Structure formats: structure tokens, C-alpha cells
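Protein chains in written order, with this note's numbering: chain P, 1 to 393; chain R, 1 to 393; chain E, 1 to 290; chain C, 1 to 290.
Quick caveat, the hints were computed from the structure, so don't treat them as lab data. Since we're looking at a predicted model, the values are computed, not measured. Some clues are possibly wrong.
Stated by the list, open to error - One-sided and incomplete, this derived list gives chain R residues near chain E with beta-carbon spacing under 10 Å: (1) R121; (2) M150; (3) L152; (4) D155; (5) F193; (6) T277; (7) G285; (8) G326; (9) I327.
Positions of the beta carbon are idealized from the N, C-alpha and C atoms, including for glycine.
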Amino acid sequence: MRLARGQAITGAKLNIHEYQAKEIFRSHGVPIPPGDVATTPEEAESIARQFGGTVVVKAQVHAGGRGKAGGVKLAKTAQEAKDVASKILGMKIKGITVEKVLVTPAADIATEAYVGIILDRVSKKPVFMVSPAGGIEIEEVAATTPEKIMRLPIDSRYGLRGYQAMELGFFLYSDVKQVRAAATIMQDLYHAFMDSGASLAEINPLVTTPAGEVLALDAKMVIDDNELARRPSIAALRDESSEDPSEVAARQANLTFIKLDGNVGCIVNGAGLAMATMDLVKYYGGDPANFLDIGGSSNPEKVVSALRIITSDPNVKAILFNIFGGITRTDDVANGIVTATKANPLKVPIVIRLTGTNEEIAVKILTANGFSAMTDMDEAVKKAVALATGKAA
Amino acid sequence: MRLARGQAITGAKLNIHEYQAKEIFRSHGVPIPPGDVATTPEEAESIARQFGGTVVVKAQVHAGGRGKAGGVKLAKTAQEAKDVASKILGMKIKGITVEKVLVTPAADIATEAYVGIILDRVSKKPVFMVSPAGGIEIEEVAATTPEKIMRLPIDSRYGLRGYQAMELGFFLYSDVKQVRAAATIMQDLYHAFMDSGASLAEINPLVTTPAGEVLALDAKMVIDDNELARRPSIAALRDESSEDPSEVAARQANLTFIKLDGNVGCIVNGAGLAMATMDLVKYYGGDPANFLDIGGSSNPEKVVSALRIITSDPNVKAILFNIFGGITRTDDVANGIVTATKANPLKVPIVIRLTGTNEEIAVKILTANGFSAMTDMDEAVKKAVALATGKAA
Amino acid sequence: MSIFIDDNTRLVVQGITGRDGSFHSKQMMEYGTHVVSGVTPGKGGQKFENSVPIFNTVYEAVRETGANTSVIYVPPVGAADAMMEAADAGIELVVCITEGVPVLDMTFVYPFMKEKGVRLLGPNCPGLISPGKSKVGIIPGRICTPGPIGLVSRSGTLTYELVYQMTRAGMGQTTCVGIGGDPINGTNFIDCLSAFERDPDTTAVVMIGEIGGTDEQEAAKFVKEKMTKPVVGFIAGQTAPPGRRMGHAGAIISGSSGTALEKMQAFEEHGLGVAERPIDVVGLLKERMK
Amino acid sequence: MSIFIDDNTRLVVQGITGRDGSFHSKQMMEYGTHVVSGVTPGKGGQKFENSVPIFNTVYEAVRETGANTSVIYVPPVGAADAMMEAADAGIELVVCITEGVPVLDMTFVYPFMKEKGVRLLGPNCPGLISPGKSKVGIIPGRICTPGPIGLVSRSGTLTYELVYQMTRAGMGQTTCVGIGGDPINGTNFIDCLSAFERDPDTTAVVMIGEIGGTDEQEAAKFVKEKMTKPVVGFIAGQTAPPGRRMGHAGAIISGSSGTALEKMQAFEEHGLGVAERPIDVVGLLKERMK
């Protein structure tokens, strides 16, 4: 069975925290045990005391494998909750510092299942993936026991139909009451997914209790960035403290930026050209320090912001501009370079390749300000790599 | 242009009052001036005093042509509102007594348009009908200036799309602000229509004020009876005081019944057979007193209720049963007849035709109780007409 | 021959354990219909009448029993889903008996069926019967007899009445189809007329209409333009008052449109036999089949 | 010859009075494209550049000016509606330039286009150009030159780069098509490849892919099975980290799927020329066109 996740439309969109996803799911009717967020061990203690009994303390970070990393712990008493929280708060999971924990009463668990919806590029539809083997990452189930996953594409014009929800329920349970409860949860989850503009919505695990209840114990949701303009309440869920500061700055400057670990800082217009530029850096023996697309409309300010972000990375040993002017006016880019470097003189060498719209003007501006400009992409990349690695081009 | 109304799926479903429809429209965002319902002239006076200024007093009845019938009046003062209300309350419009009036501030009107949605059987879709010639019945516009009506079928899988709402708006207005306001109202109305399980939703007139605002001054809504089971809040809007008591009784007994003015009471199983029976009564010179379908499952109680309803009509001079037993068991019908006539002996002659399931048992039951039974529909109808009209069969 | 159903029909009954579903399943089995499976969510694994396997979903029923036709006896609120489930599971002919399906639901079901290329009969219909071969739905088998007449109708008991009169007069049927009384249904007169026209065993057709809509008018045009076989028509509702729904959700005269008179005139105009009374159908058939 | 657009293309510009719409409308007009009308709700009756009539709706634009192709420069939130409006109005080819269209919107738009039988290019695409004939979108006209190569790409500026290198090397183009970087788009590689295969003037094709999805892999299979003309491929994103969206909404490696390596291997396997660097495309083309 093909694992839909490989085709899922997810990733660098808006991740929201478990407690936020739970709030959204709950508002759509999904049965979820109560819970509260703590930012200090003391808060965790007081929340645990309010609930009484055993609680679970869970790190709120945008990273899979929290459990394995020690970010999820049981606590039998309020004091224990405080101790556990003090260990989890501040720890790093996949490079991200834990700033918040969710404290929630521990549930008695009879079975654990997985329920998820992803946006699938092959079927061009939201696709349900459910598995009776829950509690572990679905990728693992897909790798080891793919027959335990049911995939069901949903035609959003008709919505999730009742019979489909029942089919999904029957894949998880045999008791018809639990099937019906699960079917209702599928509907609620689907509505949460659609109403939030999500590209992923996940309950893992969906548990049954010894008494036969069906409950969602965890919640995950990823939102399509393109939905945020029309969904301000969802956009407000963004937690910038859990993101890389340089990526936050880039977003605020309307740049598409992804930080990497290399030595050649790349500033390019267009996503495809940016990737091709990075690949060429690698081809010639360098390592790209980032993906950065200044986009189509190239006002000089964007270039200034881009340079500020790139130069703040101490790994960057050379900067490479690769601009193919179509909508982008190369003279705007040239002006941006001049402005930025006047305000903050560069400490690393810069290679500028530009061609296309207003190329002649751009070259004049650059030359007048002591920069040289190239027109060939291949040559420019070779030169930037040589400068970054200290080898002759 | 074909008038969609001729194909509209409307009629003997749940009609709700103007003030109820307005409440629904308002809850979906349609801009509607405030208003309150009065059942006495004094209440009308006090509502008018609260609003201040000129008000409109409008009869709340399920009948078109209220205005022409004198059911809608302006009142410049609270005292005048009281006087007007005392005239309208209790008046009969198309045979229905006015029990309630809606009192609402009078609006300054620059233009009047018509906006409606009907469920159309030909396109099998909800269809918008809009016209800049509002304030009069749309049938009249269709008859005289059909080019002033725009029809737009909506594929409910995709919903009313923004561009369609704009197209409708542009048919009504040229000022783009008013077009956008109207487009938003179309969206709100569409959602009200779909969310209520309506077969008709109408704003007539949709007005513009001299200041350029777009407002809905009247509201009408008809609900598909089949939706009521899953929409209890809509079902609760039914006002039985505004319906014929015999039809209310029939509905409570799960009978489909429509009162007419003839002399032959008809009790039939199946809608098509019931109509054919009525037609045959007419063909042989009688007049059907009603349409009555006892439906498929023929428990004796239904027959008892049917007989009670039919015999309460003083115009009925003969009763005709026409039962073709398929699912319907004819012995059940026979038992019902026996029970009902024992409790309330008939004052008019009865003709019983039955054939099909358990026919032999039915005939035995009837014969044992002094009734005779026929098997031929044509003969039975002839006989019933002869008995009702006093002519020999 | 016959239309839509025959000896190869393998039927799954949706709602087989309900009151109506179980009653009519037995009737169909007695008539000889191949009832291969039933569906009732939660009763998967059980058997109906100790012989017919029950499944939780239509998908399973199709996979396990090769059903190609489904008949639906579920409550109105679940009917839209039942129809779509059947189509989604690969059923070729879906017959929905359920009455009272919300019409707005049908604005989704109808295009779904078209997209899947599935024939839907109903909702709110009595189903169909190919006498001596198969019966799907609720038309009483004993009033029918094999023969050369095709019958298509918007009504239930009125169909029985006419079939009964035909059978008594010695005129058997290839297939009797009830297309249902709802305003939005899956199969219309023209669909059935063209199937009868193609069916070599059908030599004449009876069409039973009623007030509301313009399907009969369009069907009459079709008869004139595309059919070689004689067609006799009857319309119920000459005495129906305008604006009132006569039992069937679709049986309503709106404005001046959809009247019985209008439809009978269309029949006349396009050369169909027009029966004034139900009893006239037999005579007209005999006349036209000479 | 060319694919999708040519001298018969009659273009309506949706969002003609906006910043991007007006800029590119002028560019297209200068290039010689027949820009017959524009649409901006509320500006109906005005003229763009004193010559192109503006309408309130696409329906009017089609009716009044016979437009058969539309290009969309409206903001993301209105783009789904703009695409559907064009299709509904009878446009045959819809080119959506807009970037940032919510993907869920496309789950409605895509089947709508299929139902209407309308070709959609994009969203988030640079459009297409048939050098010397017509240009629809934003590909700079001066970097192209007529010739025998067809080009199809998921990217914008990378396309310009390659077209530029081809033009410099004297290899002109029949049509350059940007299918767009979004995960759900209207036209895919195979659609374009089969059009190029049918186009008598195209003798070789360049296909520019990137990470994410499996369209390139399927296209490679198509090339092997169905195409007679040589195809040279390039994939951007060899250095892209998994799980991050590389600018384009569709450019993301999920798990082990959608990598550049996987795609390049598929090209190799199915006999396509595989360019390691953009500059290699020209050499490979020359080699394969011998």
C-alpha cells in the first residue's frame, strides 16, 4: 500500500501546538479530556492539583517523537507533576526549546488507534488515514504493517459522507457503538480540518477506555499558510517563540527563507531558480547556507532584509546573488545591495549575477558603487564557492 | 424565458411566518430592519411607540397578496398603529384569519428588487431568481416583463460561488458598492436556504435606501417537510393556528390529507391511486371532497382517524374506500372500518372497494359486520357518486 | 428480455433487518430474486433467514457476494448516504424505496450518481419487476405476469391497479418500473422509454404520469421523435387543486404549469394513446397493438 | 504550430486593472497577444489603455468579445472564484498566475474544471508563450525565440534561465509552458508532453521538475511508453532538506518520497536525458536531436 504521507501537502506551513489543536477539535465536538497549559513547574503543579489523580505532562513543541525524546511523562501527584515539568520545560527536542507543557489527566486506555487527514497531491483530495495500530508514528506502521492502514480519499464537494465515516470506524473497531462514536469523531475532525484550512489534522492516539468510551488523547494540526489571510483567528495561533528567529524575520519581510548549515548564502528570485542555485553550489563543492527567494516584486527593501538575514549567519563565508529579471527589476536589486551594504558594510565577499529586465541600469549602479556583476549563472556559482571555501575558482 | 416557479418544488410544505423567516435570515447576516410581533392592537401600539416614527403593520399569514388584501398598512403614530392593527388582526386573507401582525419601522425606499431561491425540479438544483422589478409578485414580472428576471441554477456541491453572487448583484444594481452588498446578501440567503432545509426563500422587496444601503424589507420561507425530522428548531416554527384544523388532525394521524369542496369523501392508499380515484369521481359526475392517502402501513387506527376526519365534513354525502393491497393489508383496513363505525355510526352511505393482500379475510370481516365489498374500482366509484348525488348508479 | 433487471440481477438489500427491509426481502426471495446479501451496520457476520449473509458495509457485500444491484429500505435521513454508498461500492443499479428523503439531499445524490455512471431508481418508488425473472422493491409479484408490455409510472398503488387490470385482460409485462413520486429522482420517463424501445421483447408501453413538472411532456415528445413502439398514457390528478402537494412530493401544480390537462394534451399532440380512466388503458393498448 | 495558444488565442485578462494585471496586459499586448477584453467588477464600460474594453463579469467579456482564453491576476482569496467563473463563462483555457491560492480551494476548482472540460494552467504559474505568436502570462517575451523545442516546467525563473540558455544556443521554442509550483494544479507534465508529442513542429522537449510529488516519475514513464520525441529533464532541489517547503507550496520532500534523486533516477531509467546542471540541458538536447 502506498503511504499517502509521501504525497501529503504538509511541512513548512503553520504548525500549531497540541493544546491549540485540541481546542479547535473540541470546539468541533471531538471528545477530548480537559487540560491546561503551564509555562512554569509551579503552574504545572497547581493544574495537576486541580485535576487530582495521575496526570500527563506533555512538551508543547512542533516536533514528532516527543515521547521518545522524554517530552511526555506521567506524574502521580501534583509534586511529581512539578518535578517532571521542571525537567521538560527548557529541554531541547529536535533543536527546539520547550517553553510550554500541557497538563492533562491520565486516561485508562484499552486500545490505541490512529486517525489522520492529510491533503494528498495525487488524488487532489483530503485523504483519511486510519489505523488500529495507534500511539506510534504512522510512518512506522506504514513501514512495518501497511495492511493496518486504511486510506480513504474524500471528495470535498460532497464532504465526508456518513457511510464513509462508518467504513473508517469499522476498520478500527468491531463494537458498533464504538464504530458510531468513531464515525462521529471522523466527522468532527473533518469539519475541524476544512474549517481551519488545514493540510494535516491528526489524532494519535484515539483511545478506547475500559468502559468503552472513545477519546482523542493527542491532537496535531498543520495549517496551509495560504489560508491565514482569510482566517485571522487561526493565524493568531502562531507561536513565533517556537520558530527559528531568522525564519520569523524573513516571513515578516515577505521573504521565503529556510536556514541550512552551509557556507554560501544564496539570494535568488524564484523558488525553482533558488533550488537550482543551491544545487549548483553543491555541485561545485560548496554548501548552501540557506534557501532564500525574494519573490517577484523586488523592491529594494526586500533585498536589504534578505542581506541582513543572510549576514547574521556566522557560517556564511560568501554571498551569492542570482537574479533573473522578469517581473523582478534587476536595478531594484542593485539599489537594494547598495543601500544595505552602505548601512552595514559586508564582512564576507559577494558575487552578483543578474540578467534580464533593466540589466544595463543595474550594472551601472553596481559598478558605480564598486561592485562587479556577472551574467552567467554557472560562472557566478563557481566563483562564490571558491570564495567561500578559499579555493581558487 | 421559462419561469422557474412553474417547476419549483414548493407548496404543501411547512410555511413559516414573515417574522420567523426574518429571524432566520437575520441570523445568517441579511440586513433587516428590526421588528416585533403583536397579537393585540395594544401590543402593536406599544411596539410602534418604542420604534418611534412611522411604522408598517403587516399581517402574518401564509398567503400571497397580503398588500392587495389590505393586510399591510403604514401608521405614522403609535395610536394609528393601534387602529391599523385592530383592523388587520382578525381579518381574513384568502380564507385565513390574521392572528399576528409584525410592526416594523418604515424605511425610505429608493428602489425595490426581488431576490428568491427555489428548488427547481428541471435543473435538479436550487435556482436563484432575481429581478430589479421588486415589490410585486414575481409571477407578475414573469408574465409581463420576463426579461427583467435572471435565473441562475446553483450546483449545491460547489455552493453559491462569489462570482455568481456578483453576477446576480450586477443584474440588480450598477453601483458596485450596492452590487457587493447584494452579493453578500445572496450568500447569506443561500446559507439560510440550505441550513434550514428550505424549498423556497424570498426577499421581496430588497430595497435600496436614498443613502445607498441595501436592506431586506420582507422575508418568506417554505421548508421541505422531509427536513423537519433532522431540524427540530425549524419544525418548532410551525403555527398550527394558521392551518386548516382537519389538515392538522390528519398530519397528527400521519395521513396525507387535502380538503376540497366536493361531496364524495375518498379514502385511498397511495397518492397516485388517490388522485386517480378523485378524477374518476369527477368523471362520473361527482365531486371529490378531499385527497386522502392512508399510506403504506395500514394499521386500523389510521383508518379510524381517516374516517373521523372525513365524516366531520358536512359536505360529504358518501364515503368511498379504494384500497389496493400491496404492503397495505386489506384486512387491517376492514378492521379499521368496523371499529370506527361501531364507535361512531355513519350518517352517510359508504362504498368499499378492496383488492389484494388478504382480500378474502377482509371481505369476511366486512360481510360479518353488515358491509358489502366490491373489487372493481370503476364500479365502486360509479356507485359512490350515485349515492352522493342521489342519482341511480 | 426485460429492462434493468433480469436473471443476472444479484441483489443486496440495504436495511435488510429493518421492518420494511426484512418483509420485502422475504417477498423478493419468494419471488425468485437472487438476494445475495444484506447490509445493516453492526450486524455484519449474521445471516438473514439463515441464508443471506449480512455485512456492515455495501463495499463488503459487493466484494464478498458479487452484488450488482441494491435496494434501499433505510430511514429517510440515511437514504442519501445509502444511495451514495451503493454507487461508491460498485453497484450498477440502485433502487431507493425510502419515502421522505429531503430534496436538498438529492441535489448532491443526483450528480454523484451521474459521475459514477450508476442508474438510480427513486427515491420514493415501488421499485421494479420483470415478471417471472426478478423483482426488486415492493410491487406485489402475484398481480404481474410475463408478456410483451412495458410499464413505467410515477406512482405505486396506481401502478398495481393498472398492472392488475392488464394482467386480468391477459396482457403480460416485460418489466414494470416505478420511477418514484419525488421531484428529483434518478431515472425519468425517457430513460425507461428508451430502454423499452431497445428491448426486443417489449412491443408496447404504458406510461403513467401525474401532475407536477414537465417530464411527461418531454417524454411525449421523445415518443414521437424516437420511438417506433406504441405508447399509451394516463395522467392522475385532473381534479388536483393548484399549489397543493398531492401526497407525492413531486405532485404539485405550480402556477399554470404541471397540470394534468397540459400533460394529456401533450400526449394527444405527440400521438400517444390517452386513457381518460385507468380502465381505458387496456382498450387503448389492444387498439394500438393491432 | 504550438500547443494550447497560437494566433487564434483571444484573451480576456481577469484583474486587468490591478498592479500585476495591468503591467502584464501591456506586456502581452506589446508581444502581439490578442488581448480582447478585461474584467474588473465595477469597472465595466471603461477601457484599458484606451483600447481594451473592461467588463464586470467574464460572462459578458466572452459574450461581447469572443474571448476563448483567460489569464488571472487576482488576489489569492478570489482566485478560485476567478477560475470557476472563467470556466463557467465558456473559456477553453484558463491560466492562473496568482500565487498563494489555498490548496483546499483547489479541491473544488479541480473537479469543476474537469466537469466543464476546461484546461486550467496553474495556479501559481508563469503562464505560457508560443514565441512569435502569443504570450499568456508573465514569461518575458524577449528571452524566447521561435524554434522546434517544447518546454514544460514547474518553475518560473528557472524556466527563464533555461529558455535563455536555449535561445542563446540558437535553439528556439514552439511553446514554453509553466505548469506551476502548487501541489494541486490543473495541468500536469503528461498533459503537456502528450500535446508536444502531437504537435508536428515540436521535435524535442525539455521538462523541468523539482522535488515533491511523483508527477515527474509518472511523466518519465509516459515518455518511455508513449513518446517518440526525445525528452531532456532537469530536477531542481537536490540539496533541499526533507520536510521543508521550498518556496513553492508543492516543493517538499515528504518522508523518503519526492526527492530529486528519485526523480532523476526515474528519468534515467526511462531513457530521458538527465541534466545535472541547467547548462547541461542545451548539450543534451543537441546530442539527442542528432
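Restraint satisfaction for L152/R [CB to CB of chain E, less than 10 Å]:
violated (15 Å)
Chain E contact restraint on M150/R - CB to CB distance below 10 Å:
This hint is violated: M150/R lies away from chain E, its Cβ roughly 19 Å from the closest one there, beyond 10 Å.
Under 10 Å is the threshold here; is the Cβ of D155/R close enough to any Cβ of chain E for the hint to stand?
At about 7 Å, which falls below the 10 Å cut-off, the nearest Cβ of chain E leaves the hint on D155/R intact, so it holds.
Does the CB of F193/R sit less than 10 Å away from some CB of chain E?
Cβ of F193/R sits 9 Å from chain E, so the hint holds.
Can I327/R be said to touch chain E, with a Cβ gap under 10 Å?
holds (6 Å)
Verify the interface restraint on T277/R: the C-beta must sit less than 10 Å from at least one C-beta of chain E.
Status holds, d = 9 Å.
Answer holds if the nearest beta-carbon of chain E is closer than 10 Å to that of G326/R; otherwise answer violated.
holds (5 Å)
Just to be careful: measuring from the Cβ of G285/R to every Cβ in chain E, is the smallest value less than 10 Å?
violated (12 Å)
Taking the least C-beta to C-beta distance, is R121/R closer than 10 Å to chain E?
holds (4 Å)
Consistency with the previously given hints fails for numbers 2, 3, 7, ordered from lowest to highest.
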